[in-house]
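Participant: Keeping their order, the protein sequence lines are chains G and R.
Quick note: the first sequence uses our numbering, first residue 1, plus one each step.
Quick note: the second sequence uses our numbering, first residue 1, plus one each step.
Hints are computed from structural coordinates only; laboratory data are not their basis.
Fair warning: there could be bad hints in the mix.
[Claimed, not checked] Some chain R residues near chain G, calculated using beta-carbon distances under 10 Å: (1) Val29; (2) Val31; (3) Glu32; (4) Thr35; (5) Glu184; (6) Gly187; (7) Gly194; (8) Val196; (9) His312; (10) Glu315; (11) Glu317.
[What the hints assert, rightly or not] Simulated restraints, written as ranges between beta carbons of each label pair: (12) G:Ala98 with R:Arg385: 36 to 44 Å; (13) G:Asp91 with R:Glu370: 41 to 49 Å; (14) G:Asp277 with R:Gly134: 53 to 61 Å; (15) R:Thr389 with G:Ala98: 24 to 32 Å; (16) G:Ala228 with R:Pro365: 45 to 53 Å; (17) R:Val212 with G:Ala228: 20 to 28 Å; (18) G:Thr95 with R:Leu223: 51 to 59 Å; (19) G:Pro264 with R:Leu223: 49 to 57 Å.
[Unchecked claim] Partner residues are not named here, just some residues of chain R that face chain G (Cβ under 8 Å, in silico): (20) Glu193; (21) Ser197; (22) Thr198; (23) Gly201; (24) Leu202; (25) Leu263; (26) Asp266; (27) Gly267; (28) Leu269; (29) Lys314; (30) Leu316; (31) Phe318.
Note that the structure is a prediction, hence the values are computed from the model and not measured.
Glycine residues also receive a C-beta, built at the ideal position from the N, C-alpha and C atoms.
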Amino acid sequence: MLSCKHIMTMDDLTPEDIVTILDTADSFKEVNERRIKKLPTLRGRTVVNLFLEPSTRTRTSFEIAAKRLSADGLNFTASASATVKGESLRDTAATLSAMACDLVVVRHKYAGAPQMLAECMDAHIVNGGDGVNQHPTQALLDLFTMREKLGHLEGLTVGIVGDICHSRVAGSLVPALRKVGARPIIIAPKTLMPARPDILGAEVAYSLDEVLPELDVAYMLRVQFERAAQMPFPSNREYARFYGMNAARLGAAKPGMIVMHPGPMNRGVEISSDVADSPRSHVLDQVNAGVAVRMAVMYLLLGGADSGAAA
Amino acid sequence: MALLLKGGRVIDPEVGLDAVCDVLIRDGVIVEIGTDLKMAKGETVDCAEKIVLPGLVDAHTHLREPGQEYKETIASGTRAAAHGGFTAVCAMPNTDPVCDTGSKVRFIVERAADAGVVRVHPIGAVTKGQKGEGLAEIGDMLGEGAVAFSDDGHPIASAGMTRVAMDYLKGFGATLISHAEEAELSGGGVVNEGVVSTRLGLPGWPSAAEEVMVARDIQLAELTGCRLHLAHLSTARSVELVREAKARGIAVTCEVTPHHLFLDEDGLLGYDTNLKMNPPLRTAEDRAALIEALVDGTVDCIATDHAPHAPHEKELEFELAPFGTTGLETALSLVNTHLVATEKLSWADVARLMAHGPRAALGLPPVTLEAGTTADITIVDPEARVEVTREWFYSNSCNSAFLGNKLLGKASDVLIGGYFALRNGKVVE
Chain G
1 MLSCKHIMTM DDLTPEDIVT ILDTADSFKE VNERRIKKLP TLRGRTVVNL FLEPSTRTRT
61 SFEIAAKRLS ADGLNFTASA SATVKGESLR DTAATLSAMA CDLVVVRHKY AGAPQMLAEC
121 MDAHIVNGGD GVNQHPTQAL LDLFTMREKL GHLEGLTVGI VGDICHSRVA GSLVPALRKV
181 GARPIIIAPK TLMPARPDIL GAEVAYSLDE VLPELDVAYM LRVQFERAAQ MPFPSNREYA
241 RFYGMNAARL GAAKPGMIVM HPGPMNRGVE ISSDVADSPR SHVLDQVNAG VAVRMAVMYL
301 LLGGADSGAA A
Chain R
1 MALLLKGGRV IDPEVGLDAV CDVLIRDGVI VEIGTDLKMA KGETVDCAEK IVLPGLVDAH
61 THLREPGQEY KETIASGTRA AAHGGFTAVC AMPNTDPVCD TGSKVRFIVE RAADAGVVRV
121 HPIGAVTKGQ KGEGLAEIGD MLGEGAVAFS DDGHPIASAG MTRVAMDYLK GFGATLISHA
181 EEAELSGGGV VNEGVVSTRL GLPGWPSAAE EVMVARDIQL AELTGCRLHL AHLSTARSVE
241 LVREAKARGI AVTCEVTPHH LFLDEDGLLG YDTNLKMNPP LRTAEDRAAL IEALVDGTVD
301 CIATDHAPHA PHEKELEFEL APFGTTGLET ALSLVNTHLV ATEKLSWADV ARLMAHGPRA
361 ALGLPPVTLE AGTTADITIV DPEARVEVTR EWFYSNSCNS AFLGNKLLGK ASDVLIGGYF
421 ALRNGKVVE
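Working from the sequences, and respecting the hints, build out all of it.
Facilitator: In structure tokens, the structure reads:
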């Protein structure tokens, strides 16, 4: 069981909750390797994927997670929903509430949407990404992958590199790393930093090469060109030169340093193809972990062991 | 008709008055102020334990009519004003259509005479449609009763256009009101850039976006000689710039709002859209600097920026909801609770900041408590208890940042030309 009803930001979770989720995900990961990848655990429970911003990866991951736990899952996407007819988020929430949904995964263009849903629904809310604010299940699957590959989380030095100010992934990963005793360093040109990186609890660096030798994990972020009002650096070439992960930098790093990326990747910008396809890159392991972690989150929020057969 | 305000503490720093005495009014005009006044026939109002002030005026009100009557009307907005102790409001021009011609000013003047309960002074747009491109018919609007000019909420981006407007206004002796916001710097920001924008993942609106425009407009005021009034200043540096400009003798005045005085970004823990303001709530240090500037005279007036919005507009995602809070009905009670009752300001300061300061800044006719002047008077019960609830408002909208507050002190009566607009705390119909 978890200490919270909703997972809207990393603040909702205690360090114990995080360990519970990762341990539970471990057992679900084993299920995902079976030929028959299905458990009866959430039979009769309804999970809604309320995706009001385009998403394929995250939505698919939650959808598969719900199906593998035998929940009745349905997708409510922006293009198919009433929101294009001008319905407010509150009314959408009230409508879903009236249909007695048990858990709602929400992805929204604007920060704070999960909090708004939680105010007007009885269902459990899981934030699937709100604006540039948070994306807690991404942070959880990242922790899962780091723990799996490096054996522990406490004491790891994790460099999060790139578009910090537009990244809900960084918004959740920094506090998540702090909660498990790891050391986050955010690394970016000043134009891609949030106004007050210090309050996030991360160390701040403007030079990747300076901190590279200390890193156990290089977590490369996609540059979100679509969110920036002005081009935040002169060219992709210059960005790649100073902030891109490439073979030369891999060579200069600790031999055990792993490379991660939340996807989708801009190859040739923040990550070169040879690194992306190298054995030190764990991008696909992250995707794989995502299903297990989301199964764990749904299972634990909807009652854990009380909800039916355990994994 | 005669009216005797009996035994109140009558305060007007403009005429050096602060005494428990009586005010005798006949035919809408103050005829005598003194002790133990008698009248042959008329009505006596017991003002014992009350404060009698020159009528308060709000320099910054959005009445929303014409065009957005579902938020507020001239009828409902002026009732809210009376309820809050104001004898007059200055109506911002960002209506639909924008108030940018003499005939639109005349509509507001006529509508206010017809449906309003306090005086309404229209503020005209500086540029046609508040688009920042060509001058609106400023002389025509002045002729129909406009008092000052502003593209409030749509600050004029072009320094050249602003200079032309200030030169033109100077010729008429009229004031330019500047909503100081450099839009490329504030670009889409919804909260103060800093701790809160970082923590809540919301776009930031940096202090510098206000300060560079304050600095620009002060320099243009010096260049043109036009009177400049800076609206709703929110940062420590902005009031410092005004302090410096005043010391150099530039004709600049400024206002601050109750929400910037009494709230700061630390209150924005969640996504309460009633706390979404433009300019945004700043830091506790900024707030302290604004209060200091009130006390030392740098700030000329407290203005509400009363900005009514309907629930369906405010109950949206934070980034989508409109900016603003209502303010007419809570301003005086907030000022008393946080500044007068705590002895940071005196009632004479309140008269300076809420009656004389705004009138001088915008060039309105003065209102004083002395024989021979029009009886525009606000009477305050400083011990009245107020709980701010949705039901308590006369405004059509209840998007108040102060909902749930328990406040001390309230206007009990408002007299306009000797007639009651507010009597015993209730608006007179």
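Participant: What hints, given by number in increasing order, does this structure fail?
Facilitator: 1, 2, 3, 4, 13, 25, 26, 27, 28 and 29
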